[in-house]
Amino acid sequence: MSTSTADQSAPAGLSQARTPLPTWLPWALAAGAVVLALVLRTVLGSGPVLTAVLAALIFGVLVNVVSRRAEGSRRATDRTVTAVVSAMFVAAMVPLVSLLQTVLSRGVGRFDGEFFSSSMRNVIGEGGGALHAIAGTVIITGLAALISVPIGVLTAIYLVEYGRGRLARSITFLVDVMTGIPSIVAGLFAYALFVVFFGPGVRFGIGGAVALSVLMVPVVVRSVEEMLKLVPAELREASYALGVPKWRTILKVVLPAAAAGIATGITLAVARVIGETAPLLLVVGTTTSLNLNPFEGRMATLPVFAFFSYRVPGANPEPSLDRAWTAALVLMILVLGLNLVARIIAKRFAPKGGR
Amino acid sequence: MTAPTPTTGVTPTVTPASPGGAPPPAQPAAPSRPRAAARLGDRIFSGLSTSAGVLILITLAGVATFLVTESLPVLTASADEIPGDGGFLSYLAPLLFGTVLAAVLALVLATPLAIGIALFISHYAPRRLSRLLGYLTDLLAAIPSVIYGLWGALVLAPYAVPSYQWLERTLGFLPFFSGPVTATGRTILTAGIVLSVMILPIMAAINREVFLQTPALHEEAALALGATRWEMIRMTVIPYGKSGVIGGAMLGLGRALGETIAVLLVLSASGGISFNLIGQANPPTIPSNIAAQFPEATGLDIPLLIATGLVLFTLTFVVNFAARAVVARRAEFDGAAG
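Line by line, the protein sequences are chains A and B. Sequential numbering of the first sequence, starting at 1, is according to my numbering. Sequential numbering of the second sequence, starting at 356, is according to my numbering.
Careful: at least some of the hints might be erroneous.
Stated by the list, open to error - Cβ-Cβ distance ranges computed for the label pairs, FRET-style: (1) Arg589/B - Val196/A: 54 to 60 Å; (2) Pro428/B - Pro150/A: 34 to 40 Å; (3) Ala259/A - Val423/B: 39 to 45 Å; (4) Lys347/A - Glu564/B: 48 to 54 Å; (5) Pro517/B - Phe295/A: 25 to 31 Å; (6) Thr539/B - Arg343/A: 19 to 25 Å; (7) Ala448/B - Ala31/A: 51 to 57 Å; (8) Thr19/A - Arg684/B: 32 to 38 Å; (9) Pro594/B - Val108/A: 47 to 53 Å; (10) Lys347/A - Ala579/B: 33 to 39 Å; (11) Phe295/A - Pro594/B: 52 to 58 Å; (12) Glu564/B - Ala31/A: 53 to 59 Å; (13) Gly626/B - Pro48/A: 40 to 46 Å; (14) Pro48/A - Leu484/B: 22 to 28 Å.
Claimed, not checked - A short, non-exhaustive set of chain A residues, derived as facing chain B with CB atoms under 10 Å: (15) Asn64; (16) Val66; (17) Arg68; (18) Val81; (19) Thr102; (20) Pro150; (21) Ala156; (22) Gly163; (23) Val177; (24) Gly180; (25) Phe189; (26) Pro245; (27) Ala271; (28) Pro303; (29) Glu318; (30) Ile344.
Because the hints were derived from the structure by calculation, they are not lab data. Just so it is clear, CB atoms sit at the ideal spot from N, CA and C, and this is done for glycine as well.
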């Protein structure tokens, strides 16, 4: 696009366009800017961040000046903005790449059999694992899904198939509000709820599942609602015309047609809550040994495990920090894996367009 | 989207043939009152789905009432029972200040970058690459906050110290960078940077969606008139996407306000209200303060923390509400235009 010839034939009074720059020239300028910044680095002793900023600045100015002389001011502005936007993209990618790279390189250290087969019971210093935390995460997230999937799917069905008037409008609004609830507030809510029944200082897994459900339900409702709306009205009408009652139409026609999208939405919702730390910190606490009963006593979970391994590392912090990074790596694999599964479901089982 | 209602002319005549109907409907009366043929199954199913929706209403009402009732003791307690001096408001002030400061820092850093990323993905990158990059930003939005926190505390904070020292040397006359610089780098500015990295993917994803929705005809018309790519973006994409960008930024702000664990891991909070971004005494934030204090809280501490949670809830509610309003107005505008 940038090499369009529109300006060449324009009258000289409208734009001072002359020959467009050859495509290799900006790259050469970029290389020159990098070299200049590196030279400045040795002279001034600036850090890598400042060097990169300098390189980008020099490049922007160079491109602007060169292009202004050769192509006129409009082209020069365009090229400068292209440079700025690209530089912003690269700058934004730097911390994210650094994050991924750190988690990967520091996490593989303890990514071994012991990490997945033992708990932290009676472990001080080296060794130990996160079996208890992995089990806790699976149990609590599973329970949260068990609570929020029926509620979320049924609410979405209500909103799309039944909901009219003020009730439906207020539910839509409140689902929006719920999407914005900070996770720590969800934790406080679950705590306050269970304190009413079990007295102060209560900590157990099901409380965490309830807190996660508060965060998960709106996500499920939103995505299922979108999917149900995509089901063509003709399918429903055809079913009604055959005399099928509405509830059977929903169960046998609408839901199967939207099944792939619903599964994708639920998977993404699980991926969203599986890494939540704050509510579990309040309601579930943590422990060093394996606890498989969500109705009794504290449970460890992966995010909370990673949090405490860093926060309370003990006398010899290195092994604890290694465990924290490996827990972070496992968590990231879980989240990215769930996202991948969601993509595959969406792609593989999506209803085919043609017939 | 108009879902068919049960009354759209099909129900009266077909009821007897239905396989799932429980009680046989009153056939003679059917033509005059089509809705009377509602079957048991239908009633159960609609009842179930309605009650699920109502349950959400109750839950949200529950969140509000529990937070209010559990924090009531704070409002009735005398000022000297509350940590610090001056009662609840003076306990709240530095927390609220820190929360807003960190979130605003994050927003200031993230908004231009998010627009840049979104423009790069939607209008600059090659088509095939842009799909991959869009997928990548979606993935990054899903990374748990505890991982961002670990990265911020162990990688970013030590790395940022030389830059902070440089800021103090060259811009030390500004109150923001007056120093003395902390040796750990775990300042409110670091927390703001980590928050901005966290909200960047979601904001970029929203902006990208909005930019991609610019009508192709507008863009092509601008290009056909001889506009350069930047002029085309300035004249079509930016005006079209403005309210979407604002809405996305406010959603990002809501996230940054409520973020707990990343801030708790990164920020070493000890001070009160201070605009010094790189010093040693940083104000805490509401959520990180709750997470830090709650596990060991006893007595009046618990209502106190819940009361700050209520303030946070209200704050995020207002921000999210404003964001929805901006986005909704845009939707209305689109409907009117096209």
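Cβ separation of Gly626/B and Pro48/A, checked against the hinted range 40 to 46 Å: 31 Å, violated
Tell me if the beta carbons of Pro594/B and Val108/A are separated by a distance inside 47 to 53 Å. Taking Cβ atoms as reference, Pro594/B and Val108/A lie about 48 Å apart, which means the hint holds.
Interface hint compliance - Gly180/A to chain B, C-beta minimum distance less than 10 Å: 4 Å, holds
Cβ separation of Thr19/A and Arg684/B, checked against the hinted range 32 to 38 Å: Since Thr19/A and Arg684/B have Cβ atoms about 47 Å apart, the given range 32 to 38 Å is violated.
Hinted contact Glu318/A with chain B - closest CB pair below 10 Å: 12 Å, violated
Would you say the C-beta atoms of Pro428/B and Pro150/A sit inside 34 to 40 Å of each other? This hint holds: roughly 36 Å between Cβ atoms.
Next item in the hint list is Val81/A. Is there a CB on chain B closer than 10 Å to its CB? It holds, given that the least Cβ distance between Val81/A and chain B is near 4 Å, below 10 Å.
Should the interface hint for Pro303/A be scored as holding, given a Cβ-Cβ cut-off of 10 Å against chain B? Pro303/A check passes; min Cβ-Cβ to chain B is 5 Å, inside 10 Å.
Taking 10 Å as the limit, does the beta-carbon of Pro150/A come near enough to a beta-carbon in chain B? Pro150/A check passes; min Cβ-Cβ to chain B is 7 Å, inside 10 Å.
Would you check whether Ala271/A satisfies its interface hint, that is, whether its CB is within less than 10 Å of any CB in chain B? Hint holds; Ala271/A Cβ to chain B Cβ min 5 Å, cut 10 Å.
Let me know if the C-beta of Val177/A comes in closer than 10 Å to any C-beta of chain B, holds or violated. 6 Å, holds
Please check whether Thr102/A passes as an interface residue: C-beta within 10 Å of a C-beta belonging to chain B. 5 Å, holds
The structure is inconsistent with the numbered hints 4, 5, 6, 8, 12, 13, 15, 16, 17, 29, 30, although it conforms to all the rest.
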